[in-house]
Amino acid sequence: MQNHLTMATLALVSIWGLLPAGAEESTAPVNFEDHVATILNKNCAQCHGDGKQKAGLDFSSYSSLIKGGSGGPAVVAGRSSASPLVQVLIREDPAERMPPDADPLPAEAIAMIRKWIDTGLRENAGSSAAAMRTLGFTPADATAAVADGPPPLPEKLPAVKRPTTLRPLPVLSLASSPRAALAAASGYGFIELLQPDSRASLGDLPFAEGEPQVLRFSRSGKRLLAAGGSPVETGLAAVYDVVTGKRLAAVGREPDAVQAADLSPDERLVALGCTSRLVKVYSTENGKLLYSLDKHTDWVTAVAFSPDGKFLVTGDRGGNLHLWDAKSGGVILPLAEHKAAIRAVAWRSDSGVVASCGEDGLVVWWDVSDGFPVATKPNAHPPQRPPGVTGKLANGVLDCAFGPKGELVTCGRDRTVKLWDARGAEKKTFSLSEESPARVFPTRVTLSFDGTSLLAGDSAGRLHSWKVQ
Amino acid sequence: MPHPSTLSSLRGLALAAALVGPGLVAASEPAEPPGFRRDVMPVFFRAGCNAGTCHGSARGKDGFMLSLFGYDPKGDYSRIVEQMPGRRVNTAVPEKSLLLLKAVAAVPHTGGKVFTPASPFYKTLRDWIAAGAPDDDASVPETVDVVLSRKAFVFDKAGAGDALTVTAHASDGSKRDVTGLARFFSNNPSVVAIDENGRFKATGPGDTNVFARFGRFTVGAEVIVLPRAEGFAWTNPPAVNFIDRIVFDRLQKLRILPSGLCDDETFLRRVTIDLAARLPTVEEYRSFMADAATDKRHRKIDELLQSDGFVEQWTTIWSEHLRNKGSTFAPNATLPKASDAFQGWIRSQMRSGRPLNEFVAEMVAASGSNISAGPPNFYTMMVNKWNVDPKPLAADVSQLLLGVQIQCAECHNHPFDRWTMDDYYSFVSFFTGIKRISGIEPRERRIYFDTTTEPAKHLVDERPMPARVLGGIEPVPAGSDPRKALATWLTAPDNKLFRENLANRIWAQLMGRGVIEPVDDVRVSNPPTNPALLEALGSRLAELKFDLRGLVRDICNSRTYQLSVTPNETNRLDTRQFSHAKMRRLRADVLLDALTDVTGVPGEFPNFPTGTRAVAFHPRNAGGDGRGESSKQFFHNFGLSPRNAVAASETKKEPTLAQALHLIVGDTLRTRLSSGGVVKRLVAEKATPEAIIEELFILTLTRRPEPGELQELLALAGPGAKDPALYEDIFWSLLNSTEFVFNH
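Chains as they are written, first to last, in this note's numbering: chain A, 1 to 469; chain W, 1 to 744.
Hints are computed from structural coordinates only; laboratory data are not their basis. These numbers were taken from a predicted model, which means no experiment stands behind them. Treat the hints with care, as some may be off.
So the derived label-pair ranges between C-beta atoms look like this [stated by the list, open to error]:
(1) W:196 to A:99: 50 to 56 Å
(2) A:94 to W:337: 53 to 59 Å
(3) W:196 to A:198: 55 to 61 Å
Glycine residues also receive a C-beta, built at the ideal position from the N, C-alpha and C atoms.
Based on the sequences and whatever the hints tell you, model everything.
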């Protein structure tokens with residue numbers, strides 16, 4: 001069964017694959033016969049060769065290695081970190097590591113095996129091996145499909161008295177309308193609507209429950225979802241009419257501030273992610289709990305419906321990411337790549353790709369059709385190492401959001417905001433202005449509906465904007 | 001559950017903060033807001049937030065982790081302020097910070113209410129958050145010392161009390177009173193009880209220590225609570241040497257009288273077991289008892305110090321400590337040949353009287369073959385794994401040779417001692433370069449130090465930590481084998497930790513209890529019961545140029561060693577001050593040898609010549625556990641060290657029911673009782689039942705039967721009884737008596 005799946009994955013890879021461009025092709029590509037077979041022969045063949053095949057694994061030929069063993073496939077094309085062969089070589093605990101009772105394989109050998117897997121499991125130098133996929137994206141006129149009437153903008157918002165605070169709350173959430181030059185930013189007890197480019201205020205919405213942890217515009221741009229609450233006291237999600245500022249609905253009565261939430265494209269469902277480890281899906285029509293998902297093992301930190309409404313993706317503080325059927329709540333795929341808390345997930349407008357980012361510094365673009373990480377950017381926001389400082393520096397990626405052309409914007413603990421093009425290549429880096437105190441970092445980021453301006457909020461509660469293009 | 005009044009008062013606070021404008025709130029702020037490291041971290045410590053059972057556990061608690069006892073302020077700051085922006089610390093509305101809400105249990109908190117909104121701790125945290133929760137990384141002077149107001153307290157009666165004042169000295173020379181931020185504990189609450197503010201009260205007579213902890217420091221003061229003075233008169237017992245002077249001085253101070261001197265019979269049995277690892281023979285007994293000279297005890301000690309038993313006993317003790325155990329599993333490099341080489345080398349060192357510091361230094365700095373030389377096996381036996389993991393090795397070396405358990409400092413600064421993570425990782429770097437390569441013989445390994453190896457890295461910030469001796473300031477010079485510097489520092493006569501560790505272990509072997517107990521848990525919070533004694537023993541060992549026999553001679557000649565086990569009214573409860581001798585169960589190997597000797601039936605050890613004594617045995621091929629089938633169960637029941645760890649507790653000293661049953665019904669004694677023919681020989685040789693019974697008593701208990709005992713046994717036997725079965729029963733009873741199994 002597992003072998004069958006692997007073969008299917010391989011087949012997909014080769015059909016969809018494009019040869020990677022660049023310098024690697026000019027030298028001999030890493031392949032089994034020239035690079036990997038010797039390593040395996042020397043270190044593994046005693047137990048996994050043509051004589052003995054412990055666990056059913058035989059590394060003596062390309063075909064038998066690809067076939068895998070009694071525990072399933074040993075290698076997964078393009079994913080060295082998910083390949084059992086690599087996993088057992090790099091275990092910390094000598095008792096679990098291969099080869100048994102011996103020093104680990106040299107780092108270069110492991111790196112070679114990883115490269116071979118990541119570049120598509122070539123059999124020999126001449127084989128046009130299974131290669132990497134690319135992020136194909138054809139921008140559609142996303143606004144046309146849902147446009148009915150003029151782009152919604154706030155018109156007659158009632159005056160809101162902002163609570164007096166010692167200083168602004170960190171910007172916990174930020175969102176852009178998909179149809180108008182309109183953004184929403186969180187404050188303590190209120191939500192500010194503003195013009196993304198000039199940051200000119202267009203009025204406030206009240207959020208008396210406390211801290212808005214999540215803001216999301218609906219596909220139509222007419223509704224704004226705000227979720228949050230007061231830590232370890234109350235949590236809920238509320239839906240506002242963008243034009244009038246009227247609160248249309250409120251769902252959930254959580255014992256803690258809601259950490260993640262989204263409104264389905266048809267505006268009928270609200271999904272909440274809670275510190276209780278549950279994802280709860282409510283009806284906006286009657287406020288009833290429709291179903292809850294209990295697959296997560298830690299706080300749910302990210303929740304997003306696909307723009308076509310078919311899928312729901314959820315992430316947790318342990319780094320687990322799951323893809324669900326939005327209607328039934330059935331699990332479709334686990335998306336396993338992150339090693340630390342997921343901080344955000346974002347859907348591309350064509351619903352074909354979902355991006356995730358987290359405290360492990362990783363940004364991943366996932367192909368939703370089969371859960372394949374088409375592009376991964378480890379250490380996407382590398383922090384600068386101050387002189388004399390050793391050890392691991394915090395390099396978490398705190399937010400990610402797609403623009404209309406498939407471009408992605410991210411922000412991280414390195415205090416920068418980054419723009420990535422539709423192919424997943426890094427395009428531009430923006431730094432917080434000089435006057436920001438040293439420890440202030442961008443917490444949230446978004447692109448305006450037309451992709452021309454970039455808006456970020458920081459841990460000191462201020463907003464920053466840049467022109468893109 | 002949140003307390004209603006707390007909740008409402010807290011809401012009131014929040015409301016007040018919301019009503020007054022920012023300007024007004026700022027105006028009420030103190031001139032200098034609390035600092036994170038200086039003021040906030042101590043609150044987490046004092047309130048117990050970063051204790052091991054709460055957020056200080058390795059994975060934190062309920063998703064929030066603090067470094068255990070605050071070893072990582074930088075990480076703690078990041079987790080509190082930056083990990084979840086606005087949640088744990090809310091600088092916009094400080095009172096809404098989870099840090100405060102949880103601490104006062106205004107919201108559900110697994111740890112309950114740890115302080116009230118009225119407490120100074122609340123104010124510190126609140127004011128810090130209101131000031132913007134600033135970090136104070138570079139600006140805070142480090143605490144370099146913590147001092148108590150007084151080092152010692154003496155109370156004349158229970159009920160009296162006092163209070164500790166704790167002062168922290170900072171690196172910039174400033175001092176501050178941290179009594180309100182320290183944590184306090186007593187080592188024995190039945191002597192003195194101490195409360196959370198450092199106020200303590202005498203509860204009953206005795207001596208113990210109270211401690212204050214602040215930051216990474218633990219400091220203690222001695223507290224003596226005297227028993228009633230009425231009816232106590234110091235008897236001025238004569239002191240033989242420095243040991244008696246110090247012990248008796250302490251006893252007089254504590255109003256405890258030492259027991260009397262033990263009689264000659266007891267002394268002979270005690271010293272022969274301790275020094276020669278066997279019972280005195282009947283002939284030795286008769287000649288010692290017949291000797292009327294006043295220096296006969298002194299001469300006996302000198303005689304026994306030269307015995308083979310002394311060499312075998314100390315060879316075994318070191319061999320156990322050093323975990324010398326052979327096996328045929330080649331990757332471990334502990335094959336029987338290596339084990340034999342090590343055992344042989346240790347034996348030759350003990351026989352020749354090699355100074356103990358040289359003995360240790362040679363092993364610590366050893367390189368070369370594990371088969372052709374003994375010392376390199378320090379790095380095969382102590383490791384007993386296919387690879388050399390420097391961390392457990394460093395911890396074992398420290399525990400064995402210094403008595404210090406530094407392994408606590410692997411993950412956090414030692415909570416009850418002075419050792420920091422810096423000390424630990426610098427010490428580990430002495431062993432990171434230990435390598436083993438194959439030698440000429442197939443299973444031979446050659447030990448060497450690879451000087452190109454990177455030093456150990458600090459757990460918190462992965463800083464490389466070059467090799468540095470414990471408590472040292474500068475690392476040892478790089479580029480050569482650092483173990484030479486380690487061996488020199490370790491075994492130098494002025495290394496107090498080393499000399500006192502060895503002296504304490506020797507003392508414990510002879511007295512049944514260390515001046516520090518357990519002997520391998522030396523730390524500030526486990527002080528010596530008589531500091532002057534430990535210091536004198538250590539200095540004496542150094543003065544004797546680390547001569548084992550020299551210190552043993554001093555101890556055995558002291559009146560303290562020769563005291564009776566029988567207590568008097570004043571020392572009945574004393575277990576710490578050596579005011580009377582301690583009943584000690586014989587070590588497993590010594591007991592087996594004693595049974596062998598009195599029954600005349602030797603034990604059998606596979607791969608050892610017949611007649612090998614248990615005390616001379618070592619597990620040279622511990623495929624199973626290496627013991628002969630007949631002795632295996634015996635050794636297990638009587639707690640012979642399995643040599644699986646370096647800890648002193650590997651050797652079990654306590655008596656158990658299994659031991660009693662083993663002797664009553666087990667094979668060890670039953671099969672030996674008649675087959676050696678001892679009883680038959682006595683029945684044939686001796687004329688009267690009295691003589692037979694007397695001989696059996698001397699053989700097993702090193703004394704003549706008391707008249708009452710003799711009468712009862714004679715009544716059982718009947719006049720002129722010659723039935724060997726009857727005397728075998730008496731023999732059996734004697735061997736099953738507590739008196740036989742114990743050294744007293």
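Do the hints match the structure? See the list:
About 55 Å separates the C-beta atoms of residue 196 of chain W and residue 99 of chain A, a value consistent with the hinted range of 50 to 56 Å. For the hinted restraint 53 to 59 Å between residue 94 of chain A and residue 337 of chain W, the CB-CB distance of approximately 26 Å leaves it violated. Checked against the hint of 55 to 61 Å, the pair residue 196 of chain W and residue 198 of chain A passes, with Cβ atoms roughly 58 Å apart.
Checked against the numbered hints given earlier, this structure breaks only hint 2.
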